[in-house]
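Asks: Line by line, the protein sequences are chains A and B.
The letter at position 53 of the first sequence is residue 117 when you use the numbering used here, and the numbering goes up by one with no holes.
The letter at position 308 of the second sequence is residue 714 when you use the numbering used here, and the numbering goes up by one with no holes.
Think of the hints as simulated: they come from the structure by calculation, not from any bench.
For clarity, every value in this text was computed on a predicted model and none was experimentally measured.
Where hints are given, some of them may not hold.
[To be verified] What follows is a set of in silico ranges between Cβ atoms, one per label pair, in the way DEER data are often shown:
{"no.": "1", "chain 1": "B", "residue 1": "566", "chain 2": "A", "residue 2": "171", "range": "49 to 55 Å"}
{"no.": "2", "chain 1": "A", "residue 1": "354", "chain 2": "B", "residue 2": "935", "range": "34 to 40 Å"}
{"no.": "3", "chain 1": "B", "residue 1": "867", "chain 2": "A", "residue 2": "361", "range": "37 to 43 Å"}
{"no.": "4", "chain 1": "A", "residue 1": "148", "chain 2": "B", "residue 2": "776", "range": "34 to 40 Å"}
{"no.": "5", "chain 1": "A", "residue 1": "354", "chain 2": "B", "residue 2": "566", "range": "44 to 50 Å"}
{"no.": "6", "chain 1": "A", "residue 1": "131", "chain 2": "B", "residue 2": "584", "range": "36 to 42 Å"}
{"no.": "7", "chain 1": "A", "residue 1": "171", "chain 2": "B", "residue 2": "867", "range": "42 to 48 Å"}
{"no.": "8", "chain 1": "A", "residue 1": "356", "chain 2": "B", "residue 2": "584", "range": "44 to 50 Å"}
{"no.": "9", "chain 1": "B", "residue 1": "899", "chain 2": "A", "residue 2": "337", "range": "30 to 36 Å"}
{"no.": "10", "chain 1": "B", "residue 1": "600", "chain 2": "A", "residue 2": "148", "range": "50 to 56 Å"}
{"no.": "11", "chain 1": "A", "residue 1": "354", "chain 2": "B", "residue 2": "762", "range": "44 to 50 Å"}
{"no.": "12", "chain 1": "B", "residue 1": "891", "chain 2": "A", "residue 2": "132", "range": "57 to 63 Å"}
{"no.": "13", "chain 1": "B", "residue 1": "778", "chain 2": "A", "residue 2": "313", "range": "45 to 51 Å"}
Every residue, glycine too, gets a C-beta built ideally from N, C-alpha and C.
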Amino acid sequence: MERRNFIKKSFGAGIAIGVGLNTGIAGNLSEIKRNAYDLVAIKGGEAEDMFKKGIASLGGMKFFVKPNQTVVVKPNIGWDTTPEKGADTNPKLIYEIVKHCYDAGAKKVYVFDNTCNNWQKCYKNSGIEDAVKKAGGLMVTGKDEGLYQEVELKNAKILSKAKIHELILSSDVFINVPVLKNHNSTTVSCAMKNMMGTIWDRRFYHKNGLSQCIADCPTYRKPDLNIVDAYRVMKTNGPRGISPSDCVIMKAQLISTDIVAIDTAAVGLYGINPSDISYLAKGQENGLGTMNLKSLNINRLSI
Amino acid sequence: MQKLYKPLRIVISLFTFLSLSFIFLDINPNTDALWYKIITWWQFVPSANHFIRTAEFLSAGFIVVIILTLLFGRIYCSMFCPLGIFQDIINFFTKKLSKKKLKFKYARPKKRLQYFFLALAVIPLFFGSITVLGLLDPYSNFGRIFADLFKPVYFALHNLTGEILMKMHIYSVPTGELIHASIESIIYPLLILGLITWLSIKWGRLYCNTVCPVGTFLGFLSKCSLFRIKIDQTKCIKCAKCSTVCKSQCIDLKKQELDFTRCVGCFDCINKCEHNAIGFHMSLKKKKQPGVKINPEKMDIPQNGKTDLSKRKFFGKFLLLLSALAGISAKSEQQRRQRNRDRNGMGNGKRKGTCRIEKQHPCSPPGSVSLNHFNNTCTACNLCVATCPGGVLQPSFLQYGLEGFLQPYMDPEKGYCSFDCTKCSEICPCGAILPLSIEKKHTTQIGIANFVKHNCVVFLEGTLCGACAEHCPTKALKMIPYGNNLNIPQVDSELCIGCGACEYACPADPKAIFVEGNIIQLTAKKPVQKKQEEGALEEFPF
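So here's chain A without its partners, still in its complex pose (with noise of 0.2 Å):
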């Protein structure tokens, strides 16, 4: 029995030192090497513990965030529902990554949504301001038209001009926390459906052809990093979802500056063909990024 324990721990021992080797080699060349891997997923551990290991395995938050800029993280707080029901980002998630910029040197962290229910209820529920605030970063309404400036978006296809919020326009860094989640009309929603709430004018989508208005919108600004919360993933009724059992909990997180890999890779994480997402082949034909996740260096890490 002893034997047969010395053997596993030493074992077990062999890889932590290799992996510790590896990632202080990573650690050392990510000065030059900074997107040495374009895309990270990690599965088995809280959405905090997920996202410390994930961003490290990238170089941490410093790569991203500057000392003295501005960041305005941009999580779903769509609905007015509580964290369990996996309609709104994780808000531990939101807090840890608030937390990491202001580490990072960040001047300032703003969070917002343009929400589809009443903001401060939202805001509030989804327990994302109570942790943003916890971490430093300030609250800042997205249900303000004054704040949306119109933009011309030279290589969109139907959203030729928009309402943009100013924050996205004005911030030095703009993190895009999308939660992965079902959604009735596209299926899927994600990071490219998240940035649906950096304008103003909801209706004109649906208006106008939701799925390439989806992959018109970050034409404008691609976020600078997207991190999908895959922990809790509502399966049914989205994207708002009636109760907790519409969801499980996938304990999964993708991390990645590619806008339409990242989307690629959680709508594999979801259980479906990305081929049958219209808006992930509208996104790559307008040069967002590409779905192509065999063409890509991907880290996967477990916790």
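Fit chain B to the known structure of chain A by using the hints.
Replies: Chain B alone, transformed into the frame defined by chain A:
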């Protein structure tokens, strides 16, 4: 001691006024409903109404008011009635601003008018209609003025401040979407505001002593009050100073008497008197009222022509107001029909092939039992309109017909009913919207959504939409396959609760989905919940 009553009255009245203003102007949807309950607990008409409908002892604030009146006279009118205090404030500022000194003088009671308005308010109650009482009730009038007129102004100022700060990248004053009532529904509060201002500047508390049914009722009670204001005839030098500050115009110096049924207990006269000749004292003995006998002979004849004239003027103006309202309502009903026709593509609408929508009944707020209960109980104070976080509750005009004039209704053009919100049922002071638990609210069906395929974006444009199903909190609206990778909505009317989120979200014009109100609120089915299988990720699929 006698001189302390007035400051005490001012402190209490300011407290009442500020707290009531606060709940009507408050823009934070997360304020605890308990505050609303405590602050409106004293209000006579809502409280009495609530008690009569529900026999809930906790809502019996009006009993306290009755006891207070039996003890001290109509101090309610000066300390707890927001409209009364509002008139005092108007008076205070006009006195400050005007160069000429405003002075009141004694006026004969307008008994016949008083009884006329009391009858106007009370008689319909026996036929189950509360509309007229609601239109005359001081608290409800105050509520309508604040909710429909002042709140949008306050909100706009708040937004302006917020926007200026946001220009400087300070986001601590969050702005919000300004939702205001329709033009036709603010006509009445606007007229009342004008009337109140005019009357209070000219004749002090004439509204309270003539039109207000609460004032008249409490006036009856004050006949047997324990404490009353009395003039000490031995000390009085008839300088008339008390009479000039009496906004109730009830101090008759010729007889050195005070008509206590009209006195609102402001105690201004006590502080004005330099000879301590007027005071607030206990009077256990039933006094013989010498005035009663003399009154008809002495008072009626000399002032007859004068008073009749002012009466007639006043009466005339009020009737003018009523007939104007009737005229406007008829006109706007016509316009509404025309608008509907235009919007629905029947007139010169833009889109062809779309269908017009005609609603039979509006939705009343969840918890209001039935249209009948709601129309017969609501005094239209519009507290729920001011508070509704979704902005869906709006004062109606004739949506309910005349019996529900100005009562709040669900207007899906302005917003929709939040699934997890029971605010209006928690705060309703008059029992028109009864309390609902959150579970009960989730299945309370106030109306049913109707899908009009011919107006739907999916049908007309052939693109994905689903905005309605996205917003549906119970998934009564499902997207079903419609060929060519498209989905089209389908309503399960057993699951639908009529919240109006779908109608609000629908981007089509005319709407492709609309909610038809239930006459009696029903219970919807609970959505079936399938438990998902274990979902922890074992292997990355890429």
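Asks: Decide, hint by hint, whether the structure agrees.
Replies: Against the structure, the hints come out as follows:
Range check, residue 566 (chain B) to residue 171 (chain A): Cβ separation about 27 Å, and the 49 to 55 Å hint is violated. As the Cβ distance of residue 354 (chain A) to residue 935 (chain B) is approximately 38 Å, the hint placing it in 34 to 40 Å holds. A hinted range of 37 to 43 Å holds for the C-beta pair residue 867 (chain B) and residue 361 (chain A), which are about 41 Å apart. Between residue 148 (chain A) and residue 776 (chain B) the C-beta distance comes to about 35 Å, which sits within the given range of 34 to 40 Å.
For residue 354 (chain A) and residue 566 (chain B), the hinted distance range of 44 to 50 Å is satisfied, since their beta carbons lie about 47 Å from each other. As the Cβ distance of residue 131 (chain A) to residue 584 (chain B) is approximately 40 Å, the hint placing it in 36 to 42 Å holds. The hinted window of 42 to 48 Å between residue 171 (chain A) and residue 867 (chain B) holds, with their beta carbons roughly 45 Å apart. For residue 356 (chain A) paired with residue 584 (chain B), a C-beta distance near 48 Å keeps the hint of 44 to 50 Å intact.
Restraint check, residue 899 (chain B) to residue 337 (chain A): a C-beta distance of roughly 35 Å satisfies the suggested window 30 to 36 Å. Residue 600 (chain B) and residue 148 (chain A) have their C-beta atoms about 53 Å apart, which keeps the hinted 50 to 56 Å range intact. At about 49 Å, the beta-carbon gap between residue 354 (chain A) and residue 762 (chain B) stays in the expected band of 44 to 50 Å. Taking 57 to 63 Å as the suggested C-beta distance range, the pair residue 891 (chain B) and residue 132 (chain A) does not conform, at roughly 48 Å.
Separated by about 48 Å at the C-beta atoms, residue 778 (chain B) and residue 313 (chain A) satisfy the suggested range of 45 to 51 Å.
In the structure shown, a violation is registered for the earlier hints numbered 1 and 12, in ascending order.
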